[in-house]
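*Asks:* If you want the building blocks of each chain, they are given just below.
2 protein chains.
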Amino acid sequence: MSIEQEIPTQSDIERLPLDIERIHELSEVLLPVFEQIEQGQQIEDETLNAKLVELINILQELHPADVADVLESLPPKERALVWHLVSPEEDGEVLLEVSDAVRETLIESMNKDELLAAVDDLDADELVELAGDLPHQVVYEALQTRDPDERAKIQAAMSYEDDQVGAIMDFEFISIRADVACEVVLRYLRRFDNLPDHTDKIFVVDQYDVLQGVLPIRKLLVADPEELVADVMATDVVRFRPEENVEEAAQAFERYDLITAPVINADKKLIGRITIDEMVDVIREETEADMLNMAGLQEEEDLFAPVWDSVKNRWMWLAINLCTAFIASRVIGAFEGSIEKIVALAALMPIVAGIGGNSGNQTITMIVRAMAMGQLSGLQAGRLLKKEIGVALVNGLVWGTVMGVVSWMLYGNIGIGLVMVAAMTLNLLLAATVGVLIPVLMDKAGRDPALGSSVLITAVTDSGGFLIFLGLATLFLI
Amino acid sequence: MSIEQEIPTQSDIERLPLDIERIHELSEVLLPVFEQIEQGQQIEDETLNAKLVELINILQELHPADVADVLESLPPKERALVWHLVSPEEDGEVLLEVSDAVRETLIESMNKDELLAAVDDLDADELVELAGDLPHQVVYEALQTRDPDERAKIQAAMSYEDDQVGAIMDFEFISIRADVACEVVLRYLRRFDNLPDHTDKIFVVDQYDVLQGVLPIRKLLVADPEELVADVMATDVVRFRPEENVEEAAQAFERYDLITAPVINADKKLIGRITIDEMVDVIREETEADMLNMAGLQEEEDLFAPVWDSVKNRWMWLAINLCTAFIASRVIGAFEGSIEKIVALAALMPIVAGIGGNSGNQTITMIVRAMAMGQLSGLQAGRLLKKEIGVALVNGLVWGTVMGVVSWMLYGNIGIGLVMVAAMTLNLLLAATVGVLIPVLMDKAGRDPALGSSVLITAVTDSGGFLIFLGLATLFLI
Numbered sequence: 001m002s003i004e005q006e007i008p009t010q011s012d013i014e015r016l017p018l019d020i021e022r023i024h025e026l027s028e029v030l031l032p033v034f035e036q037i038e039q040g041q042q043i044e045d046e047t048l049n050a051k052l053v054e055l056i057n058i059l060q061e062l063h064p065a066d067v068a069d070v071l072e073s074l075p076p077k078e079r080a081l082v083w084h085l086v087s088p089e090e091d092g093e094v095l096l097e098v099s100d101a102v103r104e105t106l107i108e109s110m111n112k113d114e115l116l117a118a119v120d121d122l123d124a125d126e127l128v129e130l131a132g133d134l135p136h137q138v139v140y141e142a143l144q145t146r147d148p149d150e151r152a153k154i155q156a157a158m159s160y161e162d163d164q165v166g167a168i169m170d171f172e173f174i175s176i177r178a179d180v181a182c183e184v185v186l187r188y189l190r191r192f193d194n195l196p197d198h199t200d201k202i203f204v205v206d207q208y209d210v211l212q213g214v215l216p217i218r219k220l221l222v223a224d225p226e227e228l229v230a231d232v233m234a235t236d237v238v239r240f241r242p243e244e245n246v247e248e249a250a251q252a253f254e255r256y257d258l259i260t261a262p263v264i265n266a267d268k269k270l271i272g273r274i275t276i277d278e279m280v281d282v283i284r285e286e287t288e289a290d291m292l293n294m295a296g297l298q299e300e301e302d303l304f305a306p307v308w309d310s311v312k313n314r315w316m317w318l319a320i321n322l323c324t325a326f327i328a329s330r331v332i333g334a335f336e337g338s339i340e341k342i343v344a345l346a347a348l349m350p351i352v353a354g355i356g357g358n359s360g361n362q363t364i365t366m367i368v369r370a371m372a373m374g375q376l377s378g379l380q381a382g383r384l385l386k387k388e389i390g391v392a393l394v395n396g397l398v399w400g401t402v403m404g405v406v407s408w409m410l411y412g413n414i415g416i417g418l419v420m421v422a423a424m425t426l427n428l429l430l431a432a433t434v435g436v437l438i439p440v441l442m443d444k445a446g447r448d449p450a451l452g453s454s455v456l457i458t459a460v461t462d463s464g465g466f467l468i469f470l471g472l473a474t475l476f477l478i
Numbered sequence: 001m002s003i004e005q006e007i008p009t010q011s012d013i014e015r016l017p018l019d020i021e022r023i024h025e026l027s028e029v030l031l032p033v034f035e036q037i038e039q040g041q042q043i044e045d046e047t048l049n050a051k052l053v054e055l056i057n058i059l060q061e062l063h064p065a066d067v068a069d070v071l072e073s074l075p076p077k078e079r080a081l082v083w084h085l086v087s088p089e090e091d092g093e094v095l096l097e098v099s100d101a102v103r104e105t106l107i108e109s110m111n112k113d114e115l116l117a118a119v120d121d122l123d124a125d126e127l128v129e130l131a132g133d134l135p136h137q138v139v140y141e142a143l144q145t146r147d148p149d150e151r152a153k154i155q156a157a158m159s160y161e162d163d164q165v166g167a168i169m170d171f172e173f174i175s176i177r178a179d180v181a182c183e184v185v186l187r188y189l190r191r192f193d194n195l196p197d198h199t200d201k202i203f204v205v206d207q208y209d210v211l212q213g214v215l216p217i218r219k220l221l222v223a224d225p226e227e228l229v230a231d232v233m234a235t236d237v238v239r240f241r242p243e244e245n246v247e248e249a250a251q252a253f254e255r256y257d258l259i260t261a262p263v264i265n266a267d268k269k270l271i272g273r274i275t276i277d278e279m280v281d282v283i284r285e286e287t288e289a290d291m292l293n294m295a296g297l298q299e300e301e302d303l304f305a306p307v308w309d310s311v312k313n314r315w316m317w318l319a320i321n322l323c324t325a326f327i328a329s330r331v332i333g334a335f336e337g338s339i340e341k342i343v344a345l346a347a348l349m350p351i352v353a354g355i356g357g358n359s360g361n362q363t364i365t366m367i368v369r370a371m372a373m374g375q376l377s378g379l380q381a382g383r384l385l386k387k388e389i390g391v392a393l394v395n396g397l398v399w400g401t402v403m404g405v406v407s408w409m410l411y412g413n414i415g416i417g418l419v420m421v422a423a424m425t426l427n428l429l430l431a432a433t434v435g436v437l438i439p440v441l442m443d444k445a446g447r448d449p450a451l452g453s454s455v456l457i458t459a460v461t462d463s464g465g466f467l468i469f470l471g472l473a474t475l476f477l478i
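Those protein sequence lines, which keep their order, are chains A and B. Counting from 1, one number per residue, gives the positions in the first sequence under full-length UniProt numbering. Counting from 1, one number per residue, gives the positions in the second sequence under full-length UniProt numbering.
Just so you know, these hints were derived from the structure itself, not from any lab. Just to be clear, a hint being listed does not mean it is correct.
Any copy, or any two copies together, can satisfy a pair, since identical chains are not distinguished.
Below 27 Å or equal to it, Euclidean Cα-Cα: the simulated DSSO-like pairs (lysine-lysine) are [to be verified]: (1) K112 / K77; (2) K77 / K387; (3) K386 / K312; (4) K153 / K268; (5) K77 / K386; (6) K387 / K312.
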C-alpha cells in the first residue's frame with residue numbers, strides 16, 4: 001500500500017485547518033440523521049443531503065494521516081459518523097495513523113468483514129503493526145489471504161515485542177548481487193513500477209541472502225555505469241538485529257542521520273529493513289511516554305474516552321500519591337503536640353515541603369533526560385551528587401534566608417525564622433541527594449528511571465520536609 | 001562538509017560504549033600532564049605517552065556525533081583535555097552536534113584562530129547554525145572567506161529567528177529544468193562527485209529559479225529515459241516559506257513521511273531546502289522543552305555546569321514556587337484559630353492539597369500534549385471540561401471516602417471524616433476545572449500552554465485545597 005501512497009500536495013496542507021473545522025461543523029449537523037446514513041437510506045432533507053455530500057468529498061481529499069487527526073479531535077458520536085463515511089479502502093491506513101486509544105474505539109465499532117476489508121490492502125509490516133489490536137479471528141483470516149512466504153514473514157515479525165526492531169521492520173526493499181555493473185542495476189530498477197518508500201540505498205546480498213553491503217542511491221547515481229556494485233558499495237554498514245531495542249535503533253538513526261537500515265538475523269541473512277518514519281514515531285513516543293509517566297499517567301489517553309477509561313488510566317498513581325500523602329500526614333501527626341503549642345508551624349510547614357519538591361523535580365528531570373540520551377554513566381554519579389548538593393546549598397541559604405526573615409517578621413519570633421532557614425536548607429539537600437540517587441539506582445536495577453520518579457521524589461521531600469521542620473522546631477522552640 | 005561525511009560503520013556502533021568508557025579512564029589518567037600536552041611538550045613517562053597515543057587514536061576513529069556525546073558526559077577538566085585532542089578538522093562538526101550548554105563551554109575555551117579553523121570547513125547552513133554562539137568578530141571574519149553568493153545566503157539565513165524554517169534550511173540541493181529528458185538528468189547527476197545528503201528528490205525550476213515541481217529520485221529511477229521531466233515530476237508539492245514555524249514544518253514531515261522539502265520565497269523562487277535530520281532534532285527538542293518547562297527548568301543544562309550556572313537556570317521557578325507556597329501558607333494562617341482547636345486538621349490538610357495537585361497535573365499534561373499534537377481546538381473545551389469533571393467526581397468520591405473512613409477511625413470523629421470526603425471531592429473538581437482552563441486560556445492568549453502549567457495548577461490546588469478543607473472544617477466542626 002505504501003508503495004502507491006501519493007505525495008501530499010501543498011494545497012492539502014494549506015486547506016487542512018479549514019477542512020477540519022468544516023468537518024466538525026458538518027458532523028454535528030448530520031448527527032440527527034446518522035441512523036439513516038448508517039442504514040444507507042436516502043436523506044429527505046435537501047440541505048442535509050448536500051452537507052452529507054460535502055462531508056464525503058472533503059474526507060476523500062484528505063490524506064489518511066489527516067483523517068486520523070480529525071478522528072482524534074472528534075467526540076465519540078461525531079467520530080463514529082465520520083468513521084462510517086471514510087472510504088473502506090482508506091480504513092487500514094487511517095487505523096495505522098491514529099493513537100492507540102482511538103484505534104481501539106474504531107476497531108470496536110467495526111464488524112469482522114469490515115476489518116478484513118480494511119487490512120486487505122496493507123503491507124505485511126503494516127498488518128503486523130495492527131495485529132495486536134485486532135481480534136484473533138480477523139488476524140487469522142487475514143493471514144490466510146496472504147501467500148505462504150509473506151505469511152511466514154508476518155508471523156515471524158508478530159513474535160517480537162513492541163519495543164523490538166523485529167516488530168517494526170518492513171519487507172519492502174530491493175536487493176541485488178555484488179558482481180553486477182551499476183548500469184545493470186539501473187536497468188533492473190527501471191523494471192519496477194515504483195520503488196519502495198524511502199529507498200535511499202539498495203541492499204547487496206549473496207546467493208544465500210547474506211548481507212554483503214549497501215549501495216547508496218546517491219553513489220549509484222554518480223558512479224561510472226561500468227563499475228561493479230562490489231567496488232561502489234559500502235561494506236561495513238549500520239545494521240540491526242530484530243531482537244534489538246527500537247529506542248537504541250532510533251538513537252543510531254538520529255546520531256548518524258540514517259534514512260533506512262538493514263535488519264539481519266543470526267546467520268547475517270537480510271530479513272527486513274527499518275525506516276526513518278518509524279524511528280520518528282519511536283522518538284516522539286519515547287519522550288512523550290517519559291512526560292506522561294512523570295505526570296502519573298499510564299498511557300496516552302483518547303481525549304474523549306468515556307469517564308471510566310480515564311479513571312482506570314489514572315487511578316494507580318492517584319492511589320500511590322494518596323499512600324505517600326498519608327505517610328506525610330502521619331509524620332505531621334507525630335508532632336501534633338508541637339503544633340498545638342505553636343500553631344504557626346502548621347502554616348509554615350508546606351513552604352518547606354513545597355520548595356523541596358520543586359527543587360527535587362528539577363534535579364530528577366535533568367538526570368532522567370541525560371540518562372535517556374546516554375550522557376550519564378554510573379561512574380559520574382558521585383561527581384554529579386557533589387554538584388547538586390552545591391546548588392541545593394546556595395538555593396537553601398538564599399531562599400531559606402528570605403523566608404526566614406519573612407516568617408520572623410510575620411510571627412515576631414526570631415527562633416521561627418532561624419528554624420525556617422535551617423529546615424529549608426536541609427530539605428533542599430535531601431531533595432538533591434534523593435534526586436540523584438533515585439534515577440541512578442533505578443537504572444542500576446534495570447528499571448526505567450522516568451517511571452514514577454516525580455511521585456517518589458515528592459514523597460520523600462514532603463515527609464522529609466515535615467519531619468525536618470517540625471523536628472527542629474520541637475527541639476529548639478518548645 | 002556534510003557531502004563528504006562518511007557512512008558510519010557497524011563496528012563503530014558496537015565498539016562505542018567500550019570506547020567511551022576507555023576515554024573516561026584515559027582522560028582521568030592523563031589529567032596530571034594536561035599542561036604539558038597543551039604546550040606541545042613531549043611526555044617523559046613512557047606509559048602515559050602510550051595512553052595519550054591510544055586516546056588520540058580512539059578519538060580519530062569516532063564519528064563527530066559520538067565525540068559530542070563523549071564530551072557531554074565528561075566533567076570540565078577531562079572535557080577540556082579531550083577537546084584539545086580532537087583534530088581541528090573535526091571541531092566544527094562536533095560543535096554542531098553537542099548540546100547548547102556544552103557548546104558554550106567549548107567555544108569559550110577556544111581562541112579566534114581555532115574557531116576560524118573550526119568553521120572553515122562547514123557548509124553555509126552549518127555556519128548559520130553556529131553563528132549565534134560564536135563571537136561576532138569570528139562570524140565576521142568567517143564570512144569574508146566565503147564567496148559573495150554564499151555570504152549573501154548565510155546573511156539572509158542569519159536574519160531568521162531560531163524557530164523559523166529560514167534558520168535551519170540548507171543550500172545543498174540539485175535543481176534542473178522541466179524541459180529535459182530523464183536520461184539527460186541521469187547524465188547530469190553523474191557529473192557530480194557526490195550528491196547532497198538525503199537527496200530523495202531533485203527540484204525543478206524555470207529560468208528565474210521559480211519552483212515548478214519536484215522530481216523524486218524514486219520516480220526518476222523507474223522512468224522511461226526518453227520521458228521529459230515535466231511529465232514525470234510532481235507539481236503540487238509540500239513547500240515551506242522561510243518565515244514559517246519549524247515545529248509546524250516538523251509536524252508536516254512526520255505526518256507525510258517526508259525526507260526533504262523545498263523552501264521558497266515570496267516570489268516562489270527556490271531558496272533552500274529542509275531535511276528530515278533537522279526535523280528529528282526539532283521533534284526531540286520540542287517534546288523535551290515541554291518536559292523541562294513543566295518541571296521548572298528554563299533550558300537543558302550541561303550536567304557538569306558550574307554550580308552558579310545551574311542556580312541561574314533554576315532560580316526563577318523556585319522563586320515562583322516560593323511565592324505560591326507563601327500564598328498557600330497565608331491561607332492556612334487565616335485558619336490558625338481552627339487548627340488550634342482541632343490540631344488534626346494540620347495533619348490532614350496536606351492530603352487534600354496533594355491529591356488535587358496530582359490529579360490536576362494528570363489533566364493538564366494530557367491537554368498540553370493534545371494541544372501540541374493539534375488534536376484540540378477551542379471548540380471542544382466545554383465537552384472536555386464536562387468529562388474531566390466526571391472523572392474528578394468519581395475519583396473524589398472513591399478516594400475521598402477511603403480517606404474519610406481512615407480519618408474517622410484515626411481521630412474517632414465522624415465529622416472530620418465527612419469534611420475529608422467533601423474537601424477531597426471539591427478540590428479534585430477544582431483541579432479538573434483549572435486543569436482544563438489554564439492551557440485553553442494560555443493557548444487563546446497565544447502563549448505556550450506547557451510553560452509553567454504544572455507550577456500554576458499546583459499553586460491553585462494547594463491554596464484551594466487548604467481553603468476548602470479548613471473552611472469546611474471551620475464551618476461544620478468548630
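*Asks:* What hint numbers does the structure not satisfy?
*Replies:* Checked against the structure, no hint fails, so every one of them is satisfied.
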